[in-house]
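Student: So the sequences go chain by chain: B and U. Here the first sequence is numbered in this note's numbering, starting from 1 and rising by one per residue. Here the second sequence is numbered in this note's numbering, starting from 1 and rising by one per residue.
Because the hints were derived from the structure by calculation, they are not lab data. Quantities reported herein were computed from a predicted structural model and do not represent experimental measurements. Accuracy of the hints is not assured; some may be wrong.
As the list claims (entries may be wrong) - A few chain U residues facing chain B, derived, Cβ under 8 Å:
(1) ILE158
(2) LEU175
(3) PRO291
(4) ARG295
(5) SER355
(6) ALA366
(7) SER369
(8) ARG393
Said to hold, decoys possible - Keeping only pairs whose Cα atoms sit at most 25 Å apart, straight-line, the calculated BS3-like set for lysine-lysine is:
(9) U/LYS180 with B/LYS356
(10) B/LYS321 with U/LYS223
(11) B/LYS278 with U/LYS223
Stated by the list, open to error - Here chain B is said to cover these stretches of chain U; the calculated rule only asks that three of the stretch's residues, wherever they fall, bring their Cβ under 8 Å from a Cβ of chain B:
(12) 194 to 203
(13) 323 to 336
(14) 344 to 353
Every residue, glycine too, gets a C-beta built ideally from N, C-alpha and C.
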Amino acid sequence: MKSFKTAIRINLFAIVCILFYTIHAGAAIEGISGTNFNLTAKNGEISTPDGGNYLFWGFANGNGLVQYPGPTMIVNQGQTITVTLNNNITVTQGARPNVSIVFPGFNVTAVGGVDGILTKEAVPSGTVTYSFKAENPGTYTYYSGTDSGLQIEMGLVGTLIVRPAMGSGYAYNHADTAFDREFLFFLSEMDPRVHEMVETFGPDLVDTTDYLANYRPVVWFMNGRAAPDTMAENDVAWLPHQPYNCFPRMHPGEKLLMRVVGGGRDIHPLHHHGNHAKVIAREGRMLSSGPGAGPDYGYGVFTIQSQPGSTVDAIFTWTGKGIGWDIYGDADSHTCTPGPDGLDPVSFEDCSDHGKPIPVTLPGQAEVAFGGFYSGSPFLGGVDALPPGEGGLNPNGGFSFMWHSHTEKEMVNYDIFPGGMLTMIIIEASTVTID
Amino acid sequence: MKLIYIHKALVAGSIISMLSVYNASADVNVQCPCDLNGDADCTDPGEIYENVLPEDQDIKCMHLGSGDGYATMADGSVRYIFGFSDMTGIPTNPPPADVAEQVLSKGMLAAAYPAPVIELNENQEFYLTLTNVGMVIRPDLFDPHTVHFHGLPNATPIFDGLPESGISINMGSSLTYYYKLNDPGTYMYHCHVEAAEHMQMGMVGNLYVHPEQNGTPYGYGGKTYTQFAYNDGDGSTGYDVDIPIQLGSFDSAFHDASENTQPLPFALMFDNYPTLNGRGYPDTIIDEALPSPDRGSGSLNNSIQSQVEDSLITAAPGQRVLLRLSNLSITRPYSIGTMGVTMLVVGKDARQLKSSGPSPVNLYYATNSLTVGPGESFDAIVEIPENASTGDRYFLYTTNLNYLVNSDDNTDGLGGMMTEIQVVN
Chain B
1 MKSFKTAIRI NLFAIVCILF YTIHAGAAIE GISGTNFNLT AKNGEISTPD
51 GGNYLFWGFA NGNGLVQYPG PTMIVNQGQT ITVTLNNNIT VTQGARPNVS
101 IVFPGFNVTA VGGVDGILTK EAVPSGTVTY SFKAENPGTY TYYSGTDSGL
151 QIEMGLVGTL IVRPAMGSGY AYNHADTAFD REFLFFLSEM DPRVHEMVET
201 FGPDLVDTTD YLANYRPVVW FMNGRAAPDT MAENDVAWLP HQPYNCFPRM
251 HPGEKLLMRV VGGGRDIHPL HHHGNHAKVI AREGRMLSSG PGAGPDYGYG
301 VFTIQSQPGS TVDAIFTWTG KGIGWDIYGD ADSHTCTPGP DGLDPVSFED
351 CSDHGKPIPV TLPGQAEVAF GGFYSGSPFL GGVDALPPGE GGLNPNGGFS
401 FMWHSHTEKE MVNYDIFPGG MLTMIIIEAS TVTID
Chain U
1 MKLIYIHKAL VAGSIISMLS VYNASADVNV QCPCDLNGDA DCTDPGEIYE
51 NVLPEDQDIK CMHLGSGDGY ATMADGSVRY IFGFSDMTGI PTNPPPADVA
101 EQVLSKGMLA AAYPAPVIEL NENQEFYLTL TNVGMVIRPD LFDPHTVHFH
151 GLPNATPIFD GLPESGISIN MGSSLTYYYK LNDPGTYMYH CHVEAAEHMQ
201 MGMVGNLYVH PEQNGTPYGY GGKTYTQFAY NDGDGSTGYD VDIPIQLGSF
251 DSAFHDASEN TQPLPFALMF DNYPTLNGRG YPDTIIDEAL PSPDRGSGSL
301 NNSIQSQVED SLITAAPGQR VLLRLSNLSI TRPYSIGTMG VTMLVVGKDA
351 RQLKSSGPSP VNLYYATNSL TVGPGESFDA IVEIPENAST GDRYFLYTTN
401 LNYLVNSDDN TDGLGGMMTE IQVVN
């Protein structure tokens, strides 16, 4: 399937080349903060890189653009949060639906609207207000509590982050949850048949099909985008309803907090190439043996099993420890001064490997195929000549890894590989500035 | 000073003297520092490990071929696969004049299902050469291949086998991967080129690393063990028998489309052959290689037996069996359960389940069912009851009970993702 791959690679190349001149891979997760939120449920269109366009129902921040997933609400521990929901969803045929929001993990008071099964619902063009106290820090999800099988599939789902009293550089109230950078990994999928049915005939007709029972997703998303759009900038104009990217960059030795949200209805195993991560919390609860102990019941993983409606917080880091050769290449080009752990505290090179050559001879350039994120050099921060048209996506010669669903059939956009639930991360040499 | 260290110093010196890390020519090229004749082992006359006991060897080499072949399903049907073959033991140095005949042809149609087991020791340096032999049945494809050592801590892109961030090897050439093994546990490996296609087609296999603690006796539960899953310090991961069990599944429609050069059904992918180590029950308990794949008119792959790995577990009463479980299905998680014995989960993703902090405790848990997502691994110990009798059987099977089938051939009631633990003396 070389031809597909080449076509996608060209797209990816074009996209990311543009991006690298404007990239701001910030250390924080994009979202909205405060204590009072106005969310409006309404219709929009999602784009997928295979040319797909799907009707969705989502949440907008006030009068802003409706988005998938919904706005990431970022609040502080101890605050009382009020979320007012306005229901502006329209349909092609049949009755407009009620809409609501549930916040698993919180004790919610709902005011206004009409009684639904799970909570109070906003009738068409109506509103309902939810309030709750953000007692515990962590990562949470929120979603529609009305006809949820259909409405979550349609896109009425998002993330809620509660920052701990200890401060914004911590995931929970313990020093062992400190992080340097954080990224959201909101994992979801869609079955286009449902969306096409709603768009053409209205939601009532979905009930006459087995689409929700015999669910068959063929497009998969990270933060609401399918690859390679996952690697485009936040808020690009050509994805007006999918504002969040998923393109981490970091330095060796830094702690990257992964906030993983199961936003769909399938289990997704998130395999993060590069190194293990330590799971420190699930469902907004630190894995701790008791008060003050921190995440001592956390565990190391190379694949995070993300379950529907569930959240996982994990801390990923990468160093040169134990690699067996000098990751920066030529010993004369740099120094290595070991800290207590044997690593240089700036470059995170393992000083016991300093000056050791790469132990094998690499094949000649005519013998290999090159990845777009290959810099031409096996060394961190190294860039070397490549044949025309090769490489180019990793201009600083960082160590780049794929983070993706290990249910590999989810790494496609419909029938086209690669795509779907995958992204790349780049570990930049310590000398490279990440802004 | 041991011989091997002198040798390693010489090797290091010779590499330093090279001006470039890149090879200039295109060829089969097996790199193994303790090897003279290029067969990726170090036990031939004159080689460094000829007179060295295995436990003193801290370099391991292996030569894998990547190509295509065939495998037989438990309902007797034969399916086309992509896969790896073990080419270790074929001399390549000096390169024979007829290198293609001598080396490349050995790998042709030799794909194994699953891929050859890779068994390593902590502290080893592992030199893995991959030679792409090409696909005989699909000459229209010119796909490169890689090995992704799934889960290796502190990986580097050049040896990660991810084609998007590194290099992958073209047909007729070799790429040698280097790994320093610092962390024991159960990993897995697979090709990462066009992963959804190449993995569905069969380029998946078992890989695990024994801990340094092996060989040191530890008493646990009234018994003494010398083999362990991890460096546990207390013998609690000690075992008598270990076996890698890789969960997987297979969409015959996808394989048939590939064999017949048809568009590949990614969106419609639906696995109908659930397997353990590449076989459905009852083939899982045949403790020998399956016959060479044959559709009724002779072997399809030069009489190669492509499925050498069984999943039959035999153990004596009171023995502990370490199940090294992984899942390389690309379509769904599977729950795996036990009947008659309980699993004690001691590790996940090549890490012992143990708390951190000043006084760590083991965080093991007992279960009769374990959900293993694609790309996850678990280490689980089952203990055969002391009062078990020879001939008793316990079952290890998917508790997604609808996957106890070999396609639509379920007339016997049970098939697919299941194997047996048989009690012996």
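Student: Quick one, are B/LYS321 and U/LYS223 close enough, alpha carbons at most 25 Å?
Tutor: Violated, at about 36 Å.
Student: Against chain B, with CB atoms and a cut of 8 Å, does the hint on U/ILE158 hold up?
Tutor: Holds. Min distance 4 Å.
Student: Straight-line Cα separation of B/LYS278 and U/LYS223 no greater than 25 Å?
Tutor: violated, 33 Å
Student: Answer holds if the nearest beta-carbon of chain B is closer than 8 Å to that of U/ALA366; otherwise answer violated.
Tutor: violated, 17 Å
Student: Mind checking the CB of U/SER355 against every CB in chain B and telling me if the closest is under 8 Å?
Tutor: holds, 5 Å
Student: Against chain B, run the beta carbon of U/ARG295 and see if the smallest gap drops under 8 Å.
Tutor: violated, 26 Å
Student: With a C-beta cutoff of 8 Å, work out whether three or more residues of the stretch 344 to 353 of chain U approach chain B closely enough for the coverage to hold.
Tutor: Per the Cβ count (5), the hint holds.
Student: Are the Cα positions of U/LYS180 and B/LYS356 separated by 25 Å at most?
Tutor: holds, 13 Å
Student: Given U/ARG393 was flagged as interface, is its beta-carbon under 8 Å from a beta-carbon of chain B?
Tutor: With a minimum Cβ separation of about 31 Å from chain B (threshold 8 Å), the hint on U/ARG393 is violated.
Student: Can we keep the U/LEU175 interface hint, with Cβ of chain B closer than 8 Å?
Tutor: Holds. Min distance 5 Å.
Student: With a cut-off of 8 Å on the beta carbons, see whether U/SER369 makes it to chain B.
Tutor: Hint on U/SER369: violated, closest Cβ of chain B at ~14 Å, above 8 Å.
Student: A closest beta-carbon separation below 8 Å is what the hint needs, so does U/PRO291 meet it against chain B?
Tutor: Because about 30 Å separates U/PRO291 from the closest Cβ in chain B, which is outside the 8 Å limit, the hint is violated.
In summary, the structure is inconsistent with hints 3, 4, 6, 7, 8, 10, 11 from the numbered list given earlier, while agreeing with the others.
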